[in-house]
Amino acid sequence: MILLELVRTVRMGVKSLLLHKLRAFLTMLGMLFGVASVVAMLAVGEGASKAAQDRIQALGSTNILLRSKKPDVQEQNTSSNVWTAQVYGLTYDDLDRFKHTLPAAELVVPVRETHKEMRVGAEYQASYVLGTTPEYLTVTGMRVREGRWLTDQDDQRRTNVCVLGAFAAENLFPLDNPIGQSVRAGSDRFTVVGVLETLGRASGSVGPPVDECVFVPMSVSRAWFGDTSMKRTGGSMEVESVQLHEIKIRVADPAAVLDTARVVREMLSENHAKQDFTVVVPLELLKEAEAQKLIWNLVLGSIAGISLLVGGIGIMNVMLATVTERTREIGIRRALGAKKKHIVSQFLVETVVLSMTGGLLGVAAGLAGPILIETFAKMPTVALPQHWILSFGVSALVGVVSGLYPAVRAANMDPVEALRHE
Amino acid sequence: MASERLPAGVPIAELVDIHRHYVMGDHVVRALNGINLRIEAGSYTAIMGRSGSGKSTLLNILGCLDRPTSGQYRIGGEDVANLSDGELSEVRGQKIGFIFQSFNLIPQLTVLENLEVPLFYQGRVGAESRAKAEVLARRVGLEGRLEHRPNELSGGQQQRVAIARALMNDPLFLLADEATGNLDSKTEEEILGVLDELQREGVTIVVVTHNAKVAARAQRTVWLKDGVVESVEENLHRESSVAAQEASA
Ligand SMILES: Nc1ncnc2c1ncn2[C@@H]1O[C@H](COP(=O)(O)OP(=O)(O)OP(=O)(O)O)[C@@H](O)[C@H]1O
Ligand SMILES: [Mg+2]
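Chains as they are written, first to last, in numbering that gives the first Met the number 0: chain P, 0 to 421; chain E, 0 to 248.
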């Protein structure tokens, strides 16, 4: 019975709204745009934050990534002699210290980078040769596609073997299976023992793109390539000497990551006169990203609040006009037995129908928007159900809040006065 | 359920020393100044008087749209002079039928929906209200118009709908304020015919009018002057005319 009455009231409300179609439509638009923009912005925001989190997660949330960095320009000037090598960066001493004094560190992996021309027959390809230890694979989460990965034996015996990143393999051996083939780097020959799977994810935010790299045992890199490299930059030669380009530390216990990072920073500052290193802690980045998302959500919330407020004011305005216009109708209904509560619910239902229809269309538009954004702007978006349920709920709430005053005003009219109204 | 029709002669509405004063700044308008009136079941009463004599004010109080400043008003023995707004709404919805000068149908609703409004507010909408609406529409000669909008009907037809609507709740009495004031004399005659018919079937009717022709259909005319009942005229002429009609029928 109550349900039937509600259905009746809603039908009556819809009929009354349809009395002024354009007005109802325009009022709804306010709500529609408010809700649509909120839903769309939330989806874009969620997408951006998820992309950032994926990127960071790819770095390994229990990793601490150290990289050598050329010190700032002023310091460089003093020693900027063409023939004296500029010495900077992480050292073997650092590596040993980390290995021996960081109890929480599960793995400590050094990486040396050398830029080399790799030759296969007459073909050649500029490539990064990374010298590293077998644990590298565990820390980065990369996988072997074919053949095998570097072993401790390779390192101890200084065997001239190499493993190719997925793209490096494609570039150097576009036609053949690379396993067992030989590659030349400068004057040294290396036998390909394995090919890695594509990492794909933008893990390159630290270091060179790994899919394009060639991996050799640490000892080999150190023995054959040395620490000093020459680079031609704009006419002058730059000579640098870097022992280790990167140290990757994996912490066993996720709860110990931040403390370990602090200790690592302290140790580095103690032993390095210049700021010739960077420390990237993915977990810290993750926390930052989360904080950023919170701020974004707050900003979004305020924008949403304002636009819904504007929509609500629009609805209230229209409903006040409607109530005045329909004063006589109110009088008639009161004469026919309507109580105040009936009049209140009649007008409330009208506003709620108005705002919820606007909200519903807004949700639809807000869900369609991100699909367009994704296909045309190539931005990732994530539409969470709680977002549009929330937006829809808020639109209903705005309807109730903005309809309440006009409805109560209608109900409080004196029936005799209302009936006399022209 | 609907109020059963009382036997003729039983008082259904009783006004005792009713005052209705409007305070306008520092002076008081005494729109009603001690009205005593009794409406009996099955009676047909016309209220007349000069403009400003308090006719509409009286009708509003009879219809529980307004409350008297002082005095007693009993409907079917129950004192309604001091009821709350919600209780008065209930009394209107269950015991009173209104017919207005300007028809007062709700424009966005169909005839059927307009007819159902009084029962809707008593939670009695559904198959019952639909059936009842059909019966009453036939009774006022509007079968086949149930799905029309008020603006698709003539004035006379609209007033017929209004009469049917006033009967939907089986009221104790019908109240009409200048019910034919907006109609031409031919249509007026039709509407008055409908009221005559209803009265013959036992419906209690009170009309407010300026028109002697309208008042002539009633059994008695209550004359108001300055908010008091000046005189009550029994309408003997009518009795004979109705008797003549009945005789010829
Ligand atoms: N809301 C009000 N406020 C102040 N005075 C009022 C109000 N309603 C009616 N009156 C006064 O009460 C008196 C009676 O008014 P009422 O409307 O009952 O007269 P009436 O007999 O119906 O007149 P008419 O034939 O013109 O309709 C008039 O003097 C009127 O000015
Ligand atoms: Mg009047």
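Treat the hints as calculated values from the structure; they're not laboratory data. Please note: incorrect hints may appear among the correct ones.
[Said to hold, decoys possible] For each label pair, taking beta carbons as the anchor points, the in silico distance ranges come out as:
| no. | chain 1 | residue 1 | chain 2 | residue 2 | range |
| --- | --- | --- | --- | --- | --- |
| 1 | P | His19 | E | Arg219 | 44 to 52 Å |
| 2 | E | Val28 | P | Gly304 | 46 to 54 Å |
| 3 | P | Glu421 | E | Ser184 | 36 to 44 Å |
| 4 | P | Asp413 | E | Gly51 | 36 to 44 Å |
| 5 | E | Val28 | P | Lys20 | 54 to 62 Å |
| 6 | E | Asn150 | P | Gln291 | 28 to 36 Å |
| 7 | P | Leu383 | E | Asn81 | 55 to 63 Å |
| 8 | P | Asp413 | E | Asp169 | 22 to 30 Å |
| 9 | P | Leu21 | E | Asn150 | 15 to 23 Å |
| 10 | E | Val9 | P | Leu396 | 48 to 56 Å |
| 11 | E | His20 | P | Glu421 | 49 to 57 Å |
| 12 | E | Pro10 | P | Leu5 | 38 to 46 Å |
| 13 | P | Leu21 | E | Gly75 | 42 to 50 Å |
Just so we're clear, the structure is a prediction, and the values are computed from it rather than from any experiment. For glycine and all other residues, C-beta sits at the position ideal for the given N, C-alpha and C.
Hints, verified against the model:
no.: 1; hint: His19(P) with Arg219(E): 44 to 52 Å; verdict: holds (47 Å)
no.: 2; hint: Val28(E) with Gly304(P): 46 to 54 Å; verdict: holds (51 Å)
no.: 3; hint: Glu421(P) with Ser184(E): 36 to 44 Å; verdict: violated (25 Å)
no.: 4; hint: Asp413(P) with Gly51(E): 36 to 44 Å; verdict: violated (20 Å)
no.: 5; hint: Val28(E) with Lys20(P): 54 to 62 Å; verdict: violated (44 Å)
no.: 6; hint: Asn150(E) with Gln291(P): 28 to 36 Å; verdict: violated (60 Å)
no.: 7; hint: Leu383(P) with Asn81(E): 55 to 63 Å; verdict: holds (58 Å)
no.: 8; hint: Asp413(P) with Asp169(E): 22 to 30 Å; verdict: holds (27 Å)
no.: 9; hint: Leu21(P) with Asn150(E): 15 to 23 Å; verdict: holds (19 Å)
no.: 10; hint: Val9(E) with Leu396(P): 48 to 56 Å; verdict: holds (53 Å)
no.: 11; hint: His20(E) with Glu421(P): 49 to 57 Å; verdict: violated (26 Å)
no.: 12; hint: Pro10(E) with Leu5(P): 38 to 46 Å; verdict: holds (40 Å)
no.: 13; hint: Leu21(P) with Gly75(E): 42 to 50 Å; verdict: holds (49 Å)
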